[in-house]
Amino acid sequence: MSNAIAVRRVRLADMARKPREIRELDKALSAILKAIWIKSGLLQKDLGDEIGVSQDRISTVLRGLSPIGVGEADALCQALGLDLLPVLAAAEWMVYGQPPEGFTRQEQIDVAALFEAAARYRD
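Residue numbering for the sequence shown follows full-length UniProt numbering, starting at 1 and increasing by one per position.
These are computed hints drawn from the structure, not numbers from a lab. Don't be surprised by glycine CBs; every beta carbon is placed ideally from N, CA and C. Accuracy of the hints is not assured; some may be wrong.
Computed cross-link-like contacts, SDA-like style, restricted to lysine to any residue with a CA-CA straight-line distance of at most 20 angstroms [unchecked claim]:
{"id": "1", "residue 1": "K39", "residue 2": "A79"}
{"id": "2", "residue 1": "K39", "residue 2": "G102"}
{"id": "3", "residue 1": "K27", "residue 2": "E92"}
{"id": "4", "residue 1": "K39", "residue 2": "E21"}
Here are the simulated distance ranges between beta carbons [as the list claims (entries may be wrong)]:
{"id": "5", "residue 1": "G69", "residue 2": "I38", "range": "32 to 42 angstroms"}
{"id": "6", "residue 1": "D46", "residue 2": "G69", "range": "19 to 29 angstroms"}
{"id": "7", "residue 1": "T60", "residue 2": "R105", "range": "27 to 37 angstroms"}
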């Protein structure tokens, strides 16, 4: 085995063991998803069943205790009847303090509604 392959295997193994840091964008995304989930009236178990994850995973994500990947965020958005792009735009707005650019007027309204709905669930 070459040194490059051995080093790569060690780095990949280290990555698998280290939990990813929870960033402000993760927390904002969780707050938005939590706000929409509460409005939906769904049980966490039902939401988890819908996207193929456990109720514990849903709880962890909605409380902002674990980072969420793009695929998982998209699955949650779809299960909650949302498009991922406005949700991400609202999360960025919460973190960076700037409303998104390049959206239609209706998309801006949708993003603003998500932003406001999530405000109470933000740390």
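Please work out if K39 and A79 have their alpha carbons no farther apart than 20 angstroms. 13 angstroms, holds
If you check the beta carbons of D46 and G69, does the distance land in 19 to 29 angstroms? 21 angstroms Cβ-Cβ, so the 19 to 29 angstroms window holds.
When you take the CB atoms of T60 and R105, is the distance between them in 27 to 37 angstroms? Since T60 and R105 have Cβ atoms about 36 angstroms apart, the given range 27 to 37 angstroms holds.
Is the Cα-Cα distance between K39 and E21 20 angstroms or less? Distance ~28 angstroms between K39 and E21 Cα, so the pair is violated.
So if I understand the rule, the pair passes when the alpha-carbon distance is 20 angstroms or less; does K27 with E92 pass? Holds: K27 and E92 sit about 11 angstroms apart, inside 20 angstroms.
Given the hint that K39 pairs with G102, does the C-alpha gap stay at or below 20 angstroms? 28 angstroms, violated
Tell me if the beta carbons of G69 and I38 are separated by a distance inside 32 to 42 angstroms. 22 angstroms, violated
Checked against the numbered hints above, the structure breaks hints 2, 4, 5 and satisfies the rest.
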